[in-house]
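J.: Here's the letter readout for the chains.
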Amino acid sequence: MEEPMDRVHENMLDGNAAAGILDEIFGGEMTASPTECEHCGREGELGSLLTFTQAPGLVLRCPACSEVMLRVVQTPDYTYLDVRGAVYLRLARR
Amino acid sequence: MTERFVSRGFLGKHRAAAAANRVPPGQHAVDDFPVLSAGPTPRTDLEKWSFSLEGELAKPARWSWAEFLALPAQEFVVDIHCVTKWTKLDTRWKGVSVDTLLEQVELRPTARYLTAFSDGGYTTNLPLPDVVNGQAFIGYEYDGKPLAPEHGGPARLVVPHLYFWKSAKWVRGLRLMEKDKRGFWESLGYNNHGDPWKEERYTGD
Amino acid sequence: MKRLLEWQIAAVKSIREETYRTKTLTLSLPSWTAHRPGQHYDVRLTAPDGYQAQRSYSIASEPERTGEIDLTVEQLSDGEVSSYLHDVLVPGDRIEVRGPIGGYFVWEASLGGPLLLVAGGSGVVPLMSMVRHRRAAGATVATHLLYSSRTPEDVIYADELHELQAAGDGLRVIQTFTRAQPPNWTGYARRIDAAMLSEVAAPLGRKAQAFICGPTLLVEAAADGLVEAGLAPERIKTERFGPSGGTA
Numbered sequence: 000m001e002e003p004m005d006r007v008h009e010n011m012l013d014g015n016a017a018a019g020i021l022d023e024i025f026g027g028e029m030t031a032s033p034t035e036c037e038h039c040g041r042e043g044e045l046g047s048l049l050t051f052t053q054a055p056g057l058v059l060r061c062p063a064c065s066e067v068m069l070r071v072v073q074t075p076d077y078t079y080l081d082v083r084g085a086v087y088l089r090l091a092r093r
Numbered sequence: 000m001t002e003r004f005v006s007r008g009f010l011g012k013h014r015a016a017a018a019a020n021r022v023p024p025g026q027h028a029v030d031d032f033p034v035l036s037a038g039p040t041p042r043t044d045l046e047k048w049s050f051s052l053e054g055e056l057a058k059p060a061r062w063s064w065a066e067f068l069a070l071p072a073q074e075f076v077v078d079i080h081c082v083t084k085w086t087k088l089d090t091r092w093k094g095v096s097v098d099t100l101l102e103q104v105e106l107r108p109t110a111r112y113l114t115a116f117s118d119g120g121y122t123t124n125l126p127l128p129d130v131v132n133g134q135a136f137i138g139y140e141y142d143g144k145p146l147a148p149e150h151g152g153p154a155r156l157v158v159p160h161l162y163f164w165k166s167a168k169w170v171r172g173l174r175l176m177e178k179d180k181r182g183f184w185e186s187l188g189y190n191n192h193g194d195p196w197k198e199e200r201y202t203g204d
Numbered sequence: 000m001k002r003l004l005e006w007q008i009a010a011v012k013s014i015r016e017e018t019y020r021t022k023t024l025t026l027s028l029p030s031w032t033a034h035r036p037g038q039h040y041d042v043r044l045t046a047p048d049g050y051q052a053q054r055s056y057s058i059a060s061e062p063e064r065t066g067e068i069d070l071t072v073e074q075l076s077d078g079e080v081s082s083y084l085h086d087v088l089v090p091g092d093r094i095e096v097r098g099p100i101g102g103y104f105v106w107e108a109s110l111g112g113p114l115l116l117v118a119g120g121s122g123v124v125p126l127m128s129m130v131r132h133r134r135a136a137g138a139t140v141a142t143h144l145l146y147s148s149r150t151p152e153d154v155i156y157a158d159e160l161h162e163l164q165a166a167g168d169g170l171r172v173i174q175t176f177t178r179a180q181p182p183n184w185t186g187y188a189r190r191i192d193a194a195m196l197s198e199v200a201a202p203l204g205r206k207a208q209a210f211i212c213g214p215t216l217l218v219e220a221a222a223d224g225l226v227e228a229g230l231a232p233e234r235i236k237t238e239r240f241g242p243s244g245g246t247a
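So the protein sequences, as listed, match chains A, B and C.
FYI, in numbering that gives the first Met the number 0 the residues of the first sequence are 0 to 93.
FYI, in numbering that gives the first Met the number 0 the residues of the second sequence are 0 to 204.
FYI, in numbering that gives the first Met the number 0 the residues of the third sequence are 0 to 247.
Accuracy of the hints is not assured; some may be wrong.
[Said to hold, decoys possible] Some but not every residue of chain C turned toward chain B, in silico, with C-beta under 7 Å: (1) Leu3; (2) Leu44; (3) Thr45; (4) Ala46; (5) Pro47; (6) Ala52; (7) Tyr83; (8) Val87; (9) Asp92; (10) Glu95; (11) Phe176.
Simulated from the structure, these hints should not be mistaken for laboratory data.
This structure is a prediction, so every number in the text was calculated from the model and none was measured.
Glycine included, every Cβ here is placed at the ideal spot set by N, Cα and C.
The shape of chain A in the complex, shown without the other chains:
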């Protein structure tokens, strides 16, 4: 982002707000799992990402550089997932 963002007035939540949908997709709790921003290299839990829910889909962004890390769209029949902005996601084996 070129411009500084005014975090106080954003329609924005924490990654906790994505916990239900991520659990549904990955079959387990994800927000305490680490991930890395593909753009700036910041590592942190999914729960610490900036989360935009007032949109046609769910968008998780890096709290350091604001770039998109993960996107989810749920249609009546499918879930679409874009994780290009994350170097990795970590899932517990079970």
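For this one, chain A is given, so just place chains B and C on it according to the hints.
T.: Here is chains B and C on its own, set in the frame of chain A:
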């Protein structure tokens, strides 16, 4: 499986009386103007703002904020339809028709599609025939006042006959292209065209 | 095999008015799982024509209470779901929920402390689950709860917080009132700021684990203030309040 559970006494906001033939199927009319955003609101200095036309043109064009305001402007009163199912009737805008912008450049015959691009990285794609002949404009005033940043100000693309995600907030230009390229939501399950009267919400609709 | 997150139909056991804007729903769950304090449940409402609205609500109760949960819900002026929960739902009704959800904004006695909890308005709800659990588990970890309210009438769980603090097991409740204060009030009477945070956090030292929950404005101010006070960012967990429905 079991029968669908229904919450006793719950109807939902969408049951507000619909103005019959102006509200597309599956939509409900609202009085407020909901704010949707997929990212932080950019705060672009008007001194640094510009609007560009690029791509399949004989020569690209670029306007500063002052130059853009000097272009012939029009008033528009249009109904808008968001894919999240709200419709807002009779929204009043001032802005520059895409026709006016295209008159200032020479399109190559290969220009068939376009991508609108915005501050913050948002993109959306449209076929050229969907933005000409008075169907689309770059709005910078809403309801008589400068367009607020949360609604896409200083300027947003408005294409009222398609779902509102096509009306890119914080728009900074249009890239004319020979081939179609899916934008931010179109690449993730949303319909490539997005006609609310045909309920083209998702891929495959 | 881990249990999948599935919707279940809870029964509304009781509804208690906490303040003029908040109510606590006690739900009996056919498939109850012990939650981790700080977690939430999703609530889903379905209209006869299939239209659905979904929101997340923090659990207020402690996991030591089995078979049921408390959700404390603030009525929002234009809240489609919160209005239903406040104005339509009555004991005996059934309601669709799934949870518990979340693993980031959680604290359990086994995680130790010291603990710094910062709440704005109904942001106190998930922190209340932590405080209640702390008591039920017999933990004595040093805990400071800084709780910002507009007026005394806005304080949720006022009596219980008073009792918990009076138990003298290491919990301190520090309140601030931003618009109107109780008579003869000598405590804080302003929005949470860096100076206040530093006073509240200093006795806990730099090893404190901080949880901040409330409106975005308060969360940002408190997180910045704690970093300024010398707390490492990874020790600060936040939960912003706002519209958090599904994406449909």
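J.: If a hint holds in the structure, say so; if it doesn't, say that too.
T.: Outcome of the hint check:
Interface restraint check for Leu3 of chain C: the shortest CB-CB distance to chain B comes to about 15 Å, outside 7 Å, so the restraint is violated. With a cut of 7 Å, the hint placing Leu44 of chain C at the interface with chain B holds, because the nearest CB-to-CB distance is about 4 Å. Interface hint status for Thr45 of chain C: upheld, as the beta-carbon distance to the closest one in chain B is roughly 5 Å, under 7 Å. Interface hint at Ala46 of chain C: satisfied, since its Cβ lies 5 Å from the closest Cβ of chain B, which is below the 7 Å cut-off.
Look at Pro47 of chain C: its Cβ gets to within about 5 Å of chain B, closer than 7 Å, so that hint holds up. Hint on Ala52 of chain C holds. Least Cβ distance to chain B is approximately 6 Å, under the 7 Å limit. Interface hint at Tyr83 of chain C: satisfied, since its Cβ lies 6 Å from the closest Cβ of chain B, which is below the 7 Å cut-off. The beta carbon of Val87 of chain C is positioned within 7 Å of a beta carbon in chain B (closest approach about 4 Å), and the interface hint is therefore held.
With 7 Å as the threshold, the beta carbon of Asp92 of chain C comes within range of chain B, its nearest partner Cβ sitting at about 6 Å, so the hint holds. A least Cβ separation of about 5 Å between Glu95 of chain C and chain B falls short of the 7 Å threshold, and the interface hint therefore holds. With a least beta-carbon distance of about 30 Å to chain B, the hint placing Phe176 of chain C at the interface is violated under the 7 Å criterion.
Checked against the numbered hints above, the structure violates hints 1, 11; every other hint is satisfied.
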